[in-house]
Amino acid sequence: MDTDEEGPKERWIHEYTRIESPLLVPELRLHLATETSCLWRATDDDLRRWGIEDPFWAFAWPGGQAMARFVLDQRVWFEGRAVLDYGTGSGIAALAAAKSGARSVRALDHDPWSKVAVQLNARLNDVNIFPEIGEISYDKPILEDTVLLADMTYDAVTTANIVQWVRTLQTRKVTVWIADPGRGYISEDLFPRVATYSAPADIDVNGAYMVRTHIYRVC
Amino acid sequence: MKILVTVKRVTDYERKVKIAPDGKSLLTDGMSFVANPFDEIAVEEALRLNKAHGGEVVVVSVGPKDSTQEIRKALAMGAHRGILVTAETVDSDVYARALQQLVEKEQPELVIMGKQNTDDDANQEGQLLAGYLNWPQATFASKEAGLDSADEKAQKPGLVVDNGQLTVVREADGGLEHLSVDLPAIVTTDLRLNQPRFASLPGIMKAKKKKVEEFSLGDLGVDPAPKLTYVAYSEPKERQAGQIVENIDALVDRLRNEAKVI
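Residue numbers (the working numbering), protein chains in the order written: chain Y, 1 to 219; chain H, 1001 to 1262.
For the record, the hints were derived by calculation from the structure and aren't laboratory data. Hints are supplied without guarantee of correctness; some may be wrong.
[Claimed, not checked] FRET-style restraints, in silico, Cβ to Cβ: (1) Asn-161/Y with Gln-1069/H: 45 to 53 Å; (2) Arg-123/Y with Glu-1056/H: 37 to 45 Å; (3) Arg-123/Y with Asp-1012/H: 39 to 47 Å.
[Said to hold, decoys possible] From chain Y, some residues computed to sit far from chain H (all C-beta separations above 10 Å): (4) Thr-43; (5) Glu-79; (6) Leu-124; (7) Ile-136; (8) Ala-160.
Where a beta carbon is used, it is the ideal one built from N, C-alpha and C, also for glycine.
Please put together the full structure from these sequences, using the hints given.
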């Protein structure tokens, strides 16, 4: 597959994923790898053949689900805001921000497949989002006043970089929201917790196992 | 039940290893690496026991930093979290002593590891570990029913845990032994214990966000100096090319007069 083109990727996502609503956010619909989708049974070799590397965008992670729930329930924090959702994946948290009346929503992810998935998911939920492919330059200012980080704190190195970035954003009066399903790299010692949800630990949508997922607020 | 299981990063057994010009080491450039196949059987067994008894499966690797790849593979199969002990050169003794420290730290009820690592085939790490911990050991764990059995298709564990006791079927020359050991214990796995599962995509993706802790040998207080020195490597003798004989008479003649075997 020509991995530079978005058209074939769109068709591929339609064919290989299913449209489902994540457990915590039944009002959103996403293209996901579910048990009945072809993507669910893919092996490493299949992914290589399709030119897909780590399809984080095809799963509704517990952090994403909790963040989206929080954003939908606490619209006062997001209404009229310019929101950056970093590591957006499926765009679940970005969609919630748009639904909650954000002035603008930028959905940033390094994976070109994520951009296509976010476009499809935005259309599916009838919201406007600006998906973008890329990484954050931690030392450069951003245009937004609100940042969402859903399930991004899952390894030591990334978390260290993110925490440093969050501290910089803090001095620039940017409000940062972090959702973390207890992956062990951030805690209440670091940032204040504002909400806790029970989110599906498994990345299927059924929620056979739930995990306590915390929302942290840095401002 | 908390189970500690090992995955060692070893050279791919399907590739031919190359000897370095000094004759004392193997070239790692261009080599590909895999999880020790006996360890994959250990991981599978740990996951089956976990399904039956609950608890946690902690996967441990001792070796180069890239061993996280093999840890992630075991996490993708379903293990819960990983620990990497980074080490430059790992002989059986360094390996067993690093594991000893982790066992004392983690306090598992059971350690399952491959009967040997296919890089050096030493087949002594489990035994050394049992010795250092003074724990009972059951080596070469196998399954009486075999790999074509209904039990295997139903992914039933071959190891039987009951009331603090572990029963293990062990492969011995010319038959099977049935052992019973008290927990905590060390088990090493043989080839016919189970058929390891393939990781599914959701498993692979979940594994990317699972926790992997990292220690150095120094962090664990293990002397990194290997006790074993490799003096020299030599290639197996090259096989000589065959010859085509014209007819049966010529063959018999050559066998009788040249090879002197008839």
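Notebook entry, point to check: Can you give the numbers of the hints that this structure goes against, from lowest to highest?
Noted result: As far as the earlier hints go, 1 and 4 are violated by this structure, in ascending order.
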